[in-house]
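So the chains spell out like this:
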Amino acid sequence: MICDGFWARFKRDVFKHVLLMGLACCVIFPVALVLFNAFRPRDQIEASPICIPKQWNFSGIFAVADQVGFWRATLITALITTICVGIIVLGAAVLACAMTWSEKNFAIPLKALVVAGALIPVQAVIFPMVNIADSFALRNVVGLITVYSAFATSVSAIVYYVFVRSFPGELFDAALLDGAGPIRMIFRVVFPRLRVVTAGLAAINALYIWNDFLLPFLFLDRPQPTTLMMGFYDYGISEGLPWQDVLNQLIVAVVPGALVFLIAYWSIDVAYHRHMGGNDLKCQYENG
Amino acid sequence: MIEVNRFMDRDYKNHFNRVSIPIVMLIALVVLVPFVVGVLYSFTAWRGSFFFKDQTVYGSPFQAFVGVSNYVAAFHDIQFLKSLENTVRFMLICCVCSNAVALLIASLINSLSCGSRFFRVVFVIPALFGGLATGVIWKFIFEVLMSRVLFGMVGVSPVMKFTYVTHGAMDFVYAMAIAEMWQMSGCLMIVYVACLHKIPRNLYEAAYMDGADKLSIFQCVTLPHMLPAIGGGVFISLTWAVRAFEENIALIDGQNSMRLLTLQIIEEPSRVLAPDYGKLQAQSIVFFALSALITMVLLGIVRRRGVDSYDDM
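Heads up: the protein sequence lines correspond to chains X and P, in order.
Those letters in the first sequence? Residues 20 to 307, by my numbering.
Those letters in the second sequence? Residues 7 to 319, by my numbering.
Here chain X stands alone, though its shape is the one from the complex:
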């Protein structure tokens, strides 16, 4: 039973493949449903939503994209996401290093602050935060970036801290001997060893910020400037639109982000599992 050949493994795995394929179909079914029905003529949606459409009607998408202000909203969302992710990654790395290597008088309040920042949800501070932002005239994109950075940096700092505290100290001794300041240490010593973690954190945070609706709902005035999800809410959900238009807007709102993050996730997955060692040492026991 130890390390069978390819076909023996395949025969044993067939049942699992079939089961997983069935589950995968259940999971992808809603997505396929939306894709088929968005391009179907209006009257056929309710008549037969499950079948593959006979005529593919793509004109709805472009009309909807114009209505939502697609390019501008995507640009604004991309801007917010990239700036925030940059701040989050840098800030979390700095915080993690400060949490690991400082003496107790500084480290314990710092850790308490970071944990508090991670535990306090956005919903618990909505009203005071919006009030304060109003009084500083920060209820716009700048304020939105600030708030995203603050809330997401604490969680990311905790993730980084778990990895950073297992670094050997000799690396830092050597860097200090070479005369490195803290910023140079972070960029030359810490970040190269944390590439996969950084990629994962950047992807997760970018996904969260791109798809978020609660904070733009509180912070941005309508109609301009607006993020992608806000545009979808304004035009896709608020009024009683027919399903044809709603599904077209759904695709317009979702496809850019989903494609980018699919590619990002796939590449991070490749990098992570190459980093963790492949299947060559894996003996084929059935493990529960």
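Only true hints are included.
Think about it this way: if two alpha-carbon atoms lie no more than 27 Å apart in a straight line, the pair counts; the simulated DSSO-like pairs of lysine-lysine are:
(1) X:Lys30 <-> P:Lys220
(2) P:Lys204 <-> X:Lys35
(3) P:Lys19 <-> X:Lys130
Listed next, with one range per pair, are the computed distances between beta-carbon atoms:
(4) P:Lys220 <-> X:Phe182: 28 to 36 Å
(5) P:Glu273 <-> X:Phe182: 37 to 45 Å
(6) X:Leu38 <-> P:Leu229: 15 to 23 Å
(7) P:Gly217 <-> X:Trp26: 24 to 32 Å
(8) X:Val161 <-> P:Ala34: 15 to 23 Å
(9) P:Ile307 <-> X:Trp26: 41 to 49 Å
(10) X:Val181 <-> P:Met31: 19 to 27 Å
If you're looking for bench data, these hints aren't it; they were derived computationally from the structure.
Heads up, the beta-carbon is just placed ideally off N, CA and C, and yes, glycines get one too.
Take the given structure of chain X and dock chain P to it, following the hints.
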């Protein structure tokens, strides 16, 4: 020689303190200050830009101190209690179901020899959509597919219980839980696959040679290594479910009895002309207490019972 000694004396403790000050100030100002202010205001008669106690308007919070009457009023509010109950039920259903499904899929994927990357990518696709998009997709399924085509009066097999689930308060929590689970299982599955991948193979080999059957292997080899990840997964699913907001907005039609907590807190000011922000802030603090309580309890449990995986390295 003297210069080398001076370098070595200053070790790298406190080397990062100065650089971390801007970030610390950012977090303190944006997260802590509103929170402390909010806790303070929840004990006063706050009305947004002024304070209103005993028929007079005050400008400062310390004159309009009302003690815990905001919390009492919040717990007498029927809508708040209903949304609290909805949220707790939703949390429990989501947590149990999505963790079970994610564990099942992760263990299946982990024992595959080829094609595991394909399945990992496929199951994570639902997590890439935002909350609003997920809500609209499942609204389409619930309203058009299930209500009219599959289970409706003219459908394939009429089962009235499954129709219009987004309109009835009893089934609504289950409907929302399905939508949320669709999204959450993908994320949890990644965490579980990563953790299962790390369990050393020689433990399984040793258990097999000792003659253990599959259930014992799962119980004695897999489960102790997975407990930190399961704790983390339960934590993620509970905190995510407590803050569920966007699926809620997308799925309900403005019915008040089907709100979850976040929507309740946000929609409340639009009801009256001069909303009672003191009571609303009390509701927000209750929300925070709920989510913080879960976190503390879970972290306590996980810390005591997990296997420290650093000793095999």
